[in-house]
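Chains as they are written, first to last, in the working numbering: chain A, 1 to 327; chain B, 1 to 327.
For the record, the hints were derived by calculation from the structure and aren't laboratory data. Be a bit skeptical, because a hint or two may be false.
If several chains are the same, the list does not tell them apart, and a pair holds so long as it fits within one copy or across any two.
Unchecked claim - Within a straight-line C-alpha distance of at most 25 Å, the following computed DSS-like cross-link-like pairs (lysine-lysine) qualify: (1) 324 x 58; (2) 324 x 97; (3) 43 x 212; (4) 236 x 97; (5) 97 x 212; (6) 97 x 84; (7) 58 x 212; (8) 59 x 218.
Protein chains: 2
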Amino acid sequence: MIRIGILGYGNLGKGVESAIRQNTDMGLVGVFTRRAPESVILKTEGVSVYHTDQLIEKKDEIDVLILCGGSATDLPVQTPEYVKYFNVVDSFDTHAKIPEHYENVNQAAKSAEKTALISIGWDPGMFSVNRLYGNVILPEGKDYTFWGKGVSQGHSDAIRRVEGVLDGKQYTIPVEEALESVRRGENPELTTRQKHLRECFVVAKEGADTRKIEEEIKNMPNYFADYDTTVHFITKEELERDHSSIPHGGFVLRSGVTGFNGENKHLIEYRLKLDSNPEFTASVIVAYARAAYRMNQEGIVGCKTIFDVAPAYLSPLSGEQLRKELL
Amino acid sequence: MIRIGILGYGNLGKGVESAIRQNTDMGLVGVFTRRAPESVILKTEGVSVYHTDQLIEKKDEIDVLILCGGSATDLPVQTPEYVKYFNVVDSFDTHAKIPEHYENVNQAAKSAEKTALISIGWDPGMFSVNRLYGNVILPEGKDYTFWGKGVSQGHSDAIRRVEGVLDGKQYTIPVEEALESVRRGENPELTTRQKHLRECFVVAKEGADTRKIEEEIKNMPNYFADYDTTVHFITKEELERDHSSIPHGGFVLRSGVTGFNGENKHLIEYRLKLDSNPEFTASVIVAYARAAYRMNQEGIVGCKTIFDVAPAYLSPLSGEQLRKELL
Numbered sequence: 001m002i003r004i005g006i007l008g009y010g011n012l013g014k015g016v017e018s019a020i021r022q023n024t025d026m027g028l029v030g031v032f033t034r035r036a037p038e039s040v041i042l043k044t045e046g047v048s049v050y051h052t053d054q055l056i057e058k059k060d061e062i063d064v065l066i067l068c069g070g071s072a073t074d075l076p077v078q079t080p081e082y083v084k085y086f087n088v089v090d091s092f093d094t095h096a097k098i099p100e101h102y103e104n105v106n107q108a109a110k111s112a113e114k115t116a117l118i119s120i121g122w123d124p125g126m127f128s129v130n131r132l133y134g135n136v137i138l139p140e141g142k143d144y145t146f147w148g149k150g151v152s153q154g155h156s157d158a159i160r161r162v163e164g165v166l167d168g169k170q171y172t173i174p175v176e177e178a179l180e181s182v183r184r185g186e187n188p189e190l191t192t193r194q195k196h197l198r199e200c201f202v203v204a205k206e207g208a209d210t211r212k213i214e215e216e217i218k219n220m221p222n223y224f225a226d227y228d229t230t231v232h233f234i235t236k237e238e239l240e241r242d243h244s245s246i247p248h249g250g251f252v253l254r255s256g257v258t259g260f261n262g263e264n265k266h267l268i269e270y271r272l273k274l275d276s277n278p279e280f281t282a283s284v285i286v287a288y289a290r291a292a293y294r295m296n297q298e299g300i301v302g303c304k305t306i307f308d309v310a311p312a313y314l315s316p317l318s319g320e321q322l323r324k325e326l327l
Numbered sequence: 001m002i003r004i005g006i007l008g009y010g011n012l013g014k015g016v017e018s019a020i021r022q023n024t025d026m027g028l029v030g031v032f033t034r035r036a037p038e039s040v041i042l043k044t045e046g047v048s049v050y051h052t053d054q055l056i057e058k059k060d061e062i063d064v065l066i067l068c069g070g071s072a073t074d075l076p077v078q079t080p081e082y083v084k085y086f087n088v089v090d091s092f093d094t095h096a097k098i099p100e101h102y103e104n105v106n107q108a109a110k111s112a113e114k115t116a117l118i119s120i121g122w123d124p125g126m127f128s129v130n131r132l133y134g135n136v137i138l139p140e141g142k143d144y145t146f147w148g149k150g151v152s153q154g155h156s157d158a159i160r161r162v163e164g165v166l167d168g169k170q171y172t173i174p175v176e177e178a179l180e181s182v183r184r185g186e187n188p189e190l191t192t193r194q195k196h197l198r199e200c201f202v203v204a205k206e207g208a209d210t211r212k213i214e215e216e217i218k219n220m221p222n223y224f225a226d227y228d229t230t231v232h233f234i235t236k237e238e239l240e241r242d243h244s245s246i247p248h249g250g251f252v253l254r255s256g257v258t259g260f261n262g263e264n265k266h267l268i269e270y271r272l273k274l275d276s277n278p279e280f281t282a283s284v285i286v287a288y289a290r291a292a293y294r295m296n297q298e299g300i301v302g303c304k305t306i307f308d309v310a311p312a313y314l315s316p317l318s319g320e321q322l323r324k325e326l327l
């Protein structure tokens with residue numbers, strides 16, 4: 001039984017709690033929160049909620065600590081700190097800051113002889129590992145990543161900051177025609193606008209000027225101006241009824257050639273279609289928690305990424321079973 | 001520079017020769033054949049062809065030997081034999097006999113302190129590793145593998161054994177409707193007939209009874225009787241003009257649920273669309289030859305499969321570059 005601790009009980013922490021129940025070789029030891037523990041109600045019976053202050057004293061009861069905080073302010077502090085006491089997995093997803101985060105975590109992990117897996121999830125995560133496989137198999141080729149259809153938290157937040165907006169949700173949608181061109185091996189050069197559409201569902205405040213809101217959203221630099229954006233005004237009830245789930249997904253494609261004259265085309269396509277972005281991310285993290293535990297047991301310590309984890313470490317099956325059943 | 005030797009110069013060996021040219025950190029030392037070496041003409045200038053008898057004396061000049069023989073009779077003998085002298089990669093693809101092959105190779109590899117990677121390619125190979133990733137991420141789910149559209153060597157051979165047939169090619173085609181049902185998360189139970197179609201292009205001998213040939217093909221047990229099979233009679237010229245390439249591909253899908261009540265559905269889809277089956281297989285093998293070389297340098301010896309190879313070993317980029325550019 002691999003004993004798991006969860007730090008942070010937002011959507012991702014809840015997803016991890018749920019994923020642990022689907023893995024019979026894992027058990028949840030406790031959830032740690034900065035809130036008042038008695039205000040947090042878990043879905044798993046018999047598991048306690050503790051304040052973050054109590055985390056370090058539980059270090060001998062936890063094999064892997066899963067860090068469910070945010071990449072902006074939580075993880076840059078938490079991962080290097082808690083890896084002094086625990087094997088950890090995080091989903092640090094600020095792509096540009098991964099090298100810096102890696103260095104901070106690696107030093108602490110090595111000193112403590114712990115194993116840290118950072119940036120685990122689907123992007124970064126499964127999408128990254130598929131980009132790597134695609135690049136090494138087809139060195140002469142081109143990468144494409146499309147996201148969606150899914151809810152972008154950042155873009156939904158941007159809508160909600162517009163004057164006159166009560167609430168809103170934004171969906172990122174890949175352009176089907178662009179995807180098909182890639183699949184046909186045409187290796188298109190795609191602009192931002194040609195790759196993704198943005199669709200917004202907005203609840204306006206009473207008496208707000210919806211035409212002005214729509215203009216402001218569509219012309220917002222970085223977020224919407226470079227895209228074909230559609231804005232729908234709906235009621236608060238419609239938003240809650242039709243747009244409360246958190247779907248996402250996307251496509252990683254590698255289009256390349258082989259042969260002495262590059263005469264044969266090949267396409268590798270990896271696609272995710274997810275009803276719940278946080279629950280899927282959590283499911284990836286839990287599989288990698290198993291790997292972190294095992295790698296640490298074998299003396300593989302320091303900071304690692306998804307690229308450093310041999311797939312066999314992820315499975316509860318033995319090497320013999322894997323070769324027989326899945327190879 | 002990783003120095004590669006090729007044993008066997010059929011379609012796969014030629015694909016390996018071509019793939020090595022796409023990988024700047026690799027060089028071809030020589031091609032070894034059971035035929036008369038002077039009868040084999042390579043496409044790479046300055047590289048020699050040797051008789052298999054000369055292979056062992058070249059052992060200090062070769063970092064990884066790529067075994068390009070067949071799974072029926074060549075590899076069961078060659079892989080355990082040559083791993084005594086070389087790090088090796090093979091594409092042994094008789095699924096049911098992999099455990100036995102593994103044991104034979106593992107003992108020899110460990111004694112010699114060499115690294116053997118067996119069953120590398122796309123199925124077994126990339127499809128296997130995607131089945132594993134799918135299973136560990138979505139433990140509550142169902143696997144689907146579809147093959148095609150592509151040429152099946154075994155089924156083409158079966159057609160050619162029918163009386164009155166001069167030549168023929170068989171395409172395995174996934175049933176689009178079944179694929180779509182899986183993609184919709186319906187978790188269908190699919191019969192053999194519901195998953196794949198078989199399409200045959202046949203050149204009949206002069207005066208042969210084509211109706212009899214068609215009946216015999218369609219009713220052939222194991223190969224065609226359980227499928228909806230179409231038979232087209234064409235001329236030898238048409239066969240050569242339209243059916244001389246060796247395309248293949250397929251789909252690995254994992255459909256599963258997450259959430260406390262399994263309320264959220266997820267789909268992971270991995271797809272390959274290949275103009276040349278042997279060249280793509282060779283490209284996978286060459287990337288894993290890099291891994292075999294590096295793992296051996298790190299003292300990781302014995303028989304390994306695609307499940308045991310951390311993705312980072314496959315890339316010529318450093319860990320730092322990978323984290324910066326692909327994560």
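Violated constraints from the hint list, given by number and in increasing order: 1, 3, 4, 5, 7 and 8
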